[in-house]
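Chemist: So you can see what is in the structure, the chains are spelled out below.
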Amino acid sequence: MANPGSGRKGNVVRPSVFRGKHRDDAPKPILVMEEVYKYFRRDVPTLRNVNLTVERGEFVFVTGPSGSGKSTLLQLVYRQHTVDSGRILFSGRDVSRLTDSSIPFLRRNLGIVFQDFKVVPHWTVYENVAVSLEILGTNARLARSRVAEALERVGLAGRGNERTETLSGGEQQRVAIARAIVTEPALLLADEPTGNLDPQLAIDILTLFEEIHEAGTTVLFATHDHSLLATSPHRLVVIDDGRLIEASQGLRAWSARMQSLGASHAS
Amino acid sequence: MEIWSALSRAKRGFRDDLRLHVVAIASLVVAFLCLGTALLSVENLTRIASRWSQTQHMTVYLRDQAKEADVAQLRLVLESLGEISKVEHISAVRARELFAEQTNMSSADLAQLPTDAFPASLELDLADGVPSARIEKIAARVQRFAGVEEVETYRSFFGQLRSLIDAGRSGALLLSLLVVVCVLAVIGNTIRLAVANRRREIEVLKLCGATDSFVRGPFVLEGVIQAVTASTLAMLLLFVAYAALHGHVESTLTALTGVRTVFLNPLTVLGTIAAAAFVGAIGSALSLRRYLQV
Ligand SMILES: Nc1ncnc2c1ncn2[C@@H]1O[C@H](COP(=O)(O)OP(=O)(O)O)[C@@H](O)[C@H]1O
Ligand SMILES: [Mg+2]
Numbered sequence: 001m002a003n004p005g006s007g008r009k010g011n012v013v014r015p016s017v018f019r020g021k022h023r024d025d026a027p028k029p030i031l032v033m034e035e036v037y038k039y040f041r042r043d044v045p046t047l048r049n050v051n052l053t054v055e056r057g058e059f060v061f062v063t064g065p066s067g068s069g070k071s072t073l074l075q076l077v078y079r080q081h082t083v084d085s086g087r088i089l090f091s092g093r094d095v096s097r098l099t100d101s102s103i104p105f106l107r108r109n110l111g112i113v114f115q116d117f118k119v120v121p122h123w124t125v126y127e128n129v130a131v132s133l134e135i136l137g138t139n140a141r142l143a144r145s146r147v148a149e150a151l152e153r154v155g156l157a158g159r160g161n162e163r164t165e166t167l168s169g170g171e172q173q174r175v176a177i178a179r180a181i182v183t184e185p186a187l188l189l190a191d192e193p194t195g196n197l198d199p200q201l202a203i204d205i206l207t208l209f210e211e212i213h214e215a216g217t218t219v220l221f222a223t224h225d226h227s228l229l230a231t232s233p234h235r236l237v238v239i240d241d242g243r244l245i246e247a248s249q250g251l252r253a254w255s256a257r258m259q260s261l262g263a264s265h266a267s
Numbered sequence: 001m002e003i004w005s006a007l008s009r010a011k012r013g014f015r016d017d018l019r020l021h022v023v024a025i026a027s028l029v030v031a032f033l034c035l036g037t038a039l040l041s042v043e044n045l046t047r048i049a050s051r052w053s054q055t056q057h058m059t060v061y062l063r064d065q066a067k068e069a070d071v072a073q074l075r076l077v078l079e080s081l082g083e084i085s086k087v088e089h090i091s092a093v094r095a096r097e098l099f100a101e102q103t104n105m106s107s108a109d110l111a112q113l114p115t116d117a118f119p120a121s122l123e124l125d126l127a128d129g130v131p132s133a134r135i136e137k138i139a140a141r142v143q144r145f146a147g148v149e150e151v152e153t154y155r156s157f158f159g160q161l162r163s164l165i166d167a168g169r170s171g172a173l174l175l176s177l178l179v180v181v182c183v184l185a186v187i188g189n190t191i192r193l194a195v196a197n198r199r200r201e202i203e204v205l206k207l208c209g210a211t212d213s214f215v216r217g218p219f220v221l222e223g224v225i226q227a228v229t230a231s232t233l234a235m236l237l238l239f240v241a242y243a244a245l246h247g248h249v250e251s252t253l254t255a256l257t258g259v260r261t262v263f264l265n266p267l268t269v270l271g272t273i274a275a276a277a278f279v280g281a282i283g284s285a286l287s288l289r290r291y292l293q294v
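Those protein sequences? They're chains W and P, same order as listed.
The first sequence lines up with residues 1 to 267 when you count with the numbering used here.
The second sequence lines up with residues 1 to 294 when you count with the numbering used here.
Calculated from the structure, these hints are not laboratory results.
From a predicted model like this one, the values you see are computed outputs, not experimental measurements.
Glycine residues also receive a C-beta, built at the ideal position from the N, C-alpha and C atoms.
Any given hint could be a false lead.
[Claimed, not checked] In silico contact screen, one side only, chain P against chain W (beta carbon under 8 angstroms); selected entries:
{"#": "1", "residue": "Asp16"}
{"#": "2", "residue": "Arg200"}
{"#": "3", "residue": "Glu203"}
{"#": "4", "residue": "Val204"}
[Stated by the list, open to error] Quick list of in silico lysine to any residue cross-link-like pairs, SDA-like style, CA-CA up to 20 angstroms:
{"#": "5", "chain 1": "P", "residue 1": "Lys206", "chain 2": "W", "residue 2": "Pro121"}
{"#": "6", "chain 1": "P", "residue 1": "Lys206", "chain 2": "W", "residue 2": "Leu136"}
{"#": "7", "chain 1": "W", "residue 1": "Lys118", "chain 2": "P", "residue 2": "Asn197"}
{"#": "8", "chain 1": "P", "residue 1": "Lys11", "chain 2": "W", "residue 2": "Gly137"}
{"#": "9", "chain 1": "P", "residue 1": "Lys206", "chain 2": "W", "residue 2": "Leu98"}
{"#": "10", "chain 1": "W", "residue 1": "Lys118", "chain 2": "P", "residue 2": "Leu207"}
{"#": "11", "chain 1": "W", "residue 1": "Lys118", "chain 2": "W", "residue 2": "Glu184"}
{"#": "12", "chain 1": "P", "residue 1": "Lys206", "chain 2": "W", "residue 2": "Thr99"}
{"#": "13", "chain 1": "P", "residue 1": "Lys11", "chain 2": "P", "residue 2": "Asp212"}
{"#": "14", "chain 1": "W", "residue 1": "Lys118", "chain 2": "P", "residue 2": "Asp16"}
{"#": "15", "chain 1": "P", "residue 1": "Lys206", "chain 2": "W", "residue 2": "Phe105"}
{"#": "16", "chain 1": "P", "residue 1": "Lys206", "chain 2": "W", "residue 2": "Asp116"}
{"#": "17", "chain 1": "W", "residue 1": "Lys118", "chain 2": "W", "residue 2": "Leu208"}
{"#": "18", "chain 1": "P", "residue 1": "Lys206", "chain 2": "W", "residue 2": "Ser96"}
{"#": "19", "chain 1": "P", "residue 1": "Lys206", "chain 2": "W", "residue 2": "Ser102"}
{"#": "20", "chain 1": "P", "residue 1": "Lys11", "chain 2": "W", "residue 2": "His122"}
{"#": "21", "chain 1": "P", "residue 1": "Lys86", "chain 2": "P", "residue 2": "Ala127"}
{"#": "22", "chain 1": "P", "residue 1": "Lys11", "chain 2": "W", "residue 2": "Arg163"}
Construct the entire structure; sequences and hints are all you get.
Modeler: The structure is reproduced here in structure tokens:
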């Protein structure tokens, strides 16, 4: 069935329901952006002609200076904002054409992690993680075991009963990550998830994302922290002046490119 | 089931915003107490009215100088009428005695009352179902007999009681409207504050893929629970107050009115609580429409 609403009764809405009648085709990229433009101000696009394809199982860094549009790019995927032109296909389905009432069903296939954690401070760790499953209508018994499993994956096994606000920043971010992965989403979006953490904790969190990626989840990770990029072998795309540039040879190639771009700007 | 999830999240909402909800419920209890008191008064006034309009009674006051023969003839005529089931002659002395019995007045006090305060009378019991037009006709005929001072059909008294009850009814209706407005305001405001206190929670739900109805469900439930709790509490309090006062005033009231007082009938109580639930739901829904841009 093409209607994502049909997943309401299931435990998890699998992205296959977004694939609609193309079910039998070869697996599509999980995310495709085609000629995407986003304007917050007239005449000055925040994103211009962005093209990006993310295959299933990839780990992709999105970087660029503060204010370059990294958050905006991710927000277009989870429909916090809508593109002004172009298309964004998630599992082959154009998310910019979803009606408002279908947006929840898109988000159930995504895990999203934020810089400011976005956990509910007075809830317990368990409640903060279980909320994703509650939304899906997962029964309580299954939810308990899935939450326990997710907490173990993020290194918080057995801490479900603690009030979330009593945890350290790094631990709260782990709670948020557990909430994002407990539904086993097809795509994990991370918007500067290490931005509020000190460097050692940042590396720990990145390592956690890499473990999650190795277990099969596709990750789109936005950060402007170059120290994280330097140590990682993953694919890197850069937003510069609203344009998306592939830095296929990793950070070094990208820096070289940046320098040459700077030179060509100067000339 | 979404309703169970909403219920458990509403419970969490009560836990997290306990003070807010307690204050809201307390003010709603006051409102429902006023409404309950008004309903209770109307209910009992209505009972008195229907009891009194059932006792069909007429009094023929006789002149002090009325001749015995005239009275005897009048009695004969009255007893021959099918509409009149019983005729009883009360002499002036007997009237004075009856009054003394009913009021427990001392004989000294009684002696001070003017002699013409207690005229002799014929007390008539009317048969069931005599139309009031017919009663008026009989009264007019009796008025023309020699020796008759005045005929009292109690019609004007019923009229007064009726208008008292009508006034009570309009008062209760007005009060219900006020209570509705009050409930809407209190619950609307509480839900507005609850929404503000739970911004983060709402944001998290939306980002995790909750539908609008999933987000709104617990708030609407909280409004309903507040209204139902408050109205139930108010009814209980009213009943306790009624039961406590009942013993003290019942005998006096019954003597005065001839009707035993009753508490609100169960249907009225249930109806009030159901209406409260409905208004509570409306109040929170209106508030959510304004303050929860999901
Ligand atoms: N909701 C919005 N309304 C108006 N302008 C916005 C909004 N969101 C982002 N912007 C603008 O878009 C640009 C990119 O912002 P953002 O995507 O947050 O950058 P980054 O995450 O890379 O720091 C900034 O200039 C910002 O001011
Ligand atoms: Mg950002």
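Chemist: If any of the earlier hints don't hold here, list their numbers in rising order.
Modeler: none
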